[in-house]
Amino acid sequence: MYRIYLFLLCYSLIYASTNPCILYSPNKNLTLIFDINDAFELEYQLFYKNKTVIEPSRLIIDLMDQPDFRNNFIVSQIDSSGVDEEWHPVWGEVKSIQNSYNELAVTLEQIDIEDRKIILRFRLFNDGLGFRYEFPRQDALQYFIIADELTQFNLTGNHTLFWLPGDFDTNEYTYGTTPLSEVDATRGMSSQEISTRTIIADNAVQTPLMIKTIDSLYINIHEAALVDYPAMHLLVDKEECILTSIFAPDAVGNDAYLQTPAKTPWRTIIVSDKAEDILASKLILNLNDPCRLDDVSWIKPQKYIGIWWGMHVGTMSWNYADIGNIKLNQVNWNKLTPNGRHGATTENTKRYIDFAAENGFDGVLVEGWNIGWEDWFGAWKEEVFDFITPYPDFNVAELQAYAEKKNVKIIMHHETSSSVTNYERRMDSAYSFMNKYGYNTVKTGYVGRIIPRGEFHDGQWMVNHYTRVAEKTAEYKIMVNMHESARPTGMHRTYPNWLACEAARGNEFNAWSSGNPPEHETILPFTRMMGGPMDYTPGIFQITMDYYGKTNGEQVHTTLAKQLALYVTLYSPLQMAADLPENYEKHMDAFQFIKDVAVDWDDTKIINAEPGDYITIARKEKNSENWFIGSITDENARDMSISLTFLNPKIKYAASNYRDAKDAHWKKNPMKYEIEHFLVDSKTVLELHLSEGGGAAISLMPANTSEIKKFKTYR
Numbered sequence: 003m004y005r006i007y008l009f010l011l012c013y014s015l016i017y018a019s020t021n022p023c024i025l026y027s028p029n030k031n032l033t034l035i036f037d038i039n040d041a042f043e044l045e046y047q048l049f050y051k052n053k054t055v056i057e058p059s060r061l062i063i064d065l066m067d068q069p070d071f072r073n074n075f076i077v078s079q080i081d082s083s084g085v086d087e088e089w090h091p092v093w094g095e096v097k098s099i100q101n102s103y104n105e106l107a108v109t110l111e112q113i114d115i116e117d118r119k120i121i122l123r124f125r126l127f128n129d130g131l132g133f134r135y136e137f138p139r140q141d142a143l144q145y146f147i148i149a150d151e152l153t154q155f156n157l158t159g160n161h162t163l164f165w166l167p168g169d170f171d172t173n174e175y176t177y178g179t180t181p182l183s184e185v186d187a188t189r190g191m192s193s194q195e196i197s198t199r200t201i202i203a204d205n206a207v208q209t210p211l212m213i214k215t216i217d218s219l220y221i222n223i224h225e226a227a228l229v230d231y232p233a234m235h236l237l238v239d240k241e242e243c244i245l246t247s248i249f250a251p252d253a254v255g256n257d258a259y260l261q262t263p264a265k266t267p268w269r270t271i272i273v274s275d276k277a278e279d280i281l282a283s284k285l286i287l288n289l290n291d292p293c294r295l296d297d298v299s300w301i302k303p304q305k306y307i308g309i310w311w312g313m314h315v316g317t318m319s320w321n322y323a324d325i326g327n328i329k330l331n332q333v334n335w336n337k338l339t340p341n342g343r344h345g346a347t348t349e350n351t352k353r354y355i356d357f358a359a360e361n362g363f364d365g366v367l368v369e370g371w372n373i374g375w376e377d378w379f380g381a382w383k384e385e386v387f388d389f390i391t392p393y394p395d396f397n398v399a400e401l402q403a404y405a406e407k408k409n410v411k412i413i414m415h416h417e418t419s420s421s422v423t424n425y426e427r428r429m430d431s432a433y434s435f436m437n438k439y440g441y442n443t444v445k446t447g448y449v450g451r452i453i454p455r456g457e458f459h460d461g462q463w464m465v466n467h468y469t470r471v472a473e474k475t476a477e478y479k480i481m482v483n484m485h486e487s488a489r490p491t492g493m494h495r496t497y498p499n500w501l502a503c504e505a506a507r508g509n510e511f512n513a514w515s516s517g518n519p520p521e522h523e524t525i526l527p528f529t530r531m532m533g534g535p536m537d538y539t540p541g542i543f544q545i546t547m548d549y550y551g552k553t554n555g556e557q558v559h560t561t562l563a564k565q566l567a568l569y570v571t572l573y574s575p576l577q578m579a580a581d582l583p584e585n586y587e588k589h590m591d592a593f594q595f596i597k598d599v600a601v602d603w604d605d606t607k608i609i610n611a612e613p614g615d616y617i618t619i620a621r622k623e624k625n626s627e628n629w630f631i632g633s634i635t636d637e638n639a640r641d642m643s644i645s646l647t648f649l650n651p652k653i654k655y656a657a658s659n660y661r662d663a664k665d666a667h668w669k670k671n672p673m674k675y676e677i678e679h680f681l682v683d684s685k686t687v688l689e690l691h692l693s694e695g696g697g698a699a700i701s702l703m704p705a706n707t708s709e710i711k712k713f714k715t716y717r
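Heads up: the sequence shown begins at 3 in our numbering, then just goes up one per residue.
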C-alpha cells in the first residue's frame, strides 16, 4: 500500500466563513463537496461526470440525554490521503481486487460545547462514495446513546426505485419497481406469506436500494462494515425526493449504545451510467477490514445437496413425531411413535450422501436431525433446541463414519427459533459437538420473533450476535451460512468463514406460496447481493408443485434452463442443488451443468445487465481455463448477442449450451429445455434466445482432440 497526498481544494474553515472542501475520485469522474451551511449544519453533495447524483444533504446524529451533533460546527482539522493497493480475497468473484480511493477526514468541534469532537471520513472511489461518523476518545464524550442518525440522500428527482418494504424483522418480500413518489411499503401484504414482519412505515424501504434516475444514472445506496450498530433503512420523502436513514430501536427505544472511540458503518453510494458497473463494484468489500483470521486454509467454497426441499414440498417433515406442548429434554423420544415422514433419518441421509459422492458434491445439509421441532414455531419459547441431541432415527456416529468413507461432509443445521439467548448459551457445546463428529459448516436460522423480547433482527443486539457467531465459528474452524439474518455488508472479507447469508426471499417461497415473480432474480444482484453472496438455493427441476399434490397453482416462476443459469448470475461460494435427487435422476443431461459449474472464481465479466429485466454474467473457474455463462430474463423473452472476447485466444473451447426450448415458457411450459454442443473461440459471438422467464447456462471448457473432431464450430 502506498499513499498519494492530494491537492485538496479546501481552505481554513472558521465559524461561518467557510469554503467547501472538494474531493475527486482517482479517475476524476466523481466529485464530493463537503460544506458547513449557513445554519452551521454539515452537508455533502456528490457529482458524477458533471451530473448531480446527490443534492446538498444533511448529516445529523442525535444523542440521548446529551447535546446532539446537529449544528454549531467548526472545522478544527482536515486530513487528506489516498490509497492504491491490490488485495486477494480468500474466495470470491475475482482473484484480486483493486482498492483505490482518495480520502478526506474532517475533524469538527461544536462551538457551544468545549472539547467535543466528531470526525467525518469520506472515501471517494472511481465507482462511488463511502462515508462514516467517527467519535474519537474524549473527556466530553465517553459513553453515549444514539437516539437517531439522520443521514440524508437528497435525490435529484422522482427516480425509479427497486425496493423492498422497510422492515426491522425480515427481508423476505417481493420487490416493488416504482417511481419514488409511488413507494407504498404496505402494498400486497396479504400475498407475502412472512411469519414475522415489522413494517416501519408506509414510506420506508430497505437497503441496498437500487435507483435508476430520470437521466439514466444508476445509483445504489447501502452500507459497509455493519458492526455494533443497527442495519440502515430509509424513509422516503415523496415530495422532496429525500431519503433519510432510520434504524431498528432496541426494547427501550434506543438505536445504539456506544463508547468512544467508536464509529458507525460506512454509508455507501455506488454510481455509474452503466448498470454493469454497479454489479462489478467492489466498493463495499474495500470498505471492510481485511481478514482477521490467521489461518484460512480450512475455508473452502462448496457445492451441496440437502434434506430440505422435501419439507417445503410436503414429502418430508422436520419433526419426528406429531405431538405438541413439549419441554426440552423432558420427553422420552424412544417411546414416541414416529410420524413416518421424518426426513432426517439415518437411512435417508445415507441416500443423500451416496448421491453427493456419486456426483462430486462436497456436502449434505441435514435439517430436522435434532429434537424439538414438534413445538417451536410461533411459540416464542426460550428453550426449544439444545443443538446436540439427535432424534432416535438419526445416528450421528454412524453417519460420521459413512460420510467420511464417501469423502462427503454433513452440513449442520442450527435453527435457533430466534431464541438467540438460548443459542448464545449453547454455542460452545454445539460447535464442540460439530468438531467431534466431523461437521465443518453450519447453517443457522432465525425464524420468528427475537428473544431477548423487544429486539429486532436488524437491531444492534442482533447485529452483534451475527458477528459473535462468525467469530465463534472461526475459533472452531467452522464455516457459517446464516438465514433470516440482517442483509450482508461485506463482512465476509473480514470473516471469510462467513460464506453466505439468505436475508432475502429465497427459492423456497416458490414451493408453498405465491412465489417469486420472474423479475425477482434480475433484481437481487442489484439489491440484496450488493453486500455479499446469497444462499438462494437454485436448481429446482420439478418446476410445478401439482406434482406433489398442491392445488393452488404453486410453482417455480422460471424455466428449468433459468434455474441452471442462476448458478452463475446469483453469486455464492456455497451453492445448493436444491431439488430432490430423484428429480435430478430424471434429467441427468441437464444436471451435468450443476455438476460442472464452479463455486470459486478467478475472474468475472458482467456482459450485460438491466435491473428488473435481464443479466448476463461470465465467470472463469479458479485455477482453470473453464468459463461458465449465465443469462436470465424477466417475464419477457429476449435475444442476446454474447461476444466471447474474454476467452484465451490460444484455446478452442467445447461449449455446452443448456437453453430454453423454442416453446419453453415459465408458466406454460417451464421444464422444456435443449442442450447443444459446439466449438467456440475468442472471436465467437453467441446468439441466445431466452424465453419468457427463461435463461441459458453455458459451460466453456478447453476442447480435447475427440471434441474437436466431434463438434462443429459455432456459426
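These are calculated hints, taken from the structure and not from any lab test.
As the structure is a computational prediction, the values presented were derived from the model and not from experiment.
Among the hints, erroneous ones may be present.
Distance condition first, Cα-Cα at most 30 Å in a straight line; then the derived DSS-like pairs of lysine-lysine [claimed, not checked]:
(1) Lys624 x Lys474
(2) Lys407 x Lys597
(3) Lys552 x Lys674
(4) Lys284 x Lys30
(5) Lys685 x Lys664
(6) Lys302 x Lys408
(7) Lys97 x Lys276
(8) Lys654 x Lys97
(9) Lys714 x Lys669
(10) Lys624 x Lys408
(11) Lys674 x Lys652
(12) Lys652 x Lys714
(13) Lys265 x Lys438
(14) Lys97 x Lys674
(15) Lys53 x Lys119
(16) Lys265 x Lys352
(17) Lys674 x Lys588
(18) Lys53 x Lys240
(19) Lys407 x Lys552
(20) Lys284 x Lys474
(21) Lys302 x Lys383
(22) Lys624 x Lys654
(23) Lys624 x Lys714
(24) Lys674 x Lys714
- prompt: Okay, which hints does this one fail, numbers in order?
  reply: 9, 11, 13, 14, 15, 16, 19, 21
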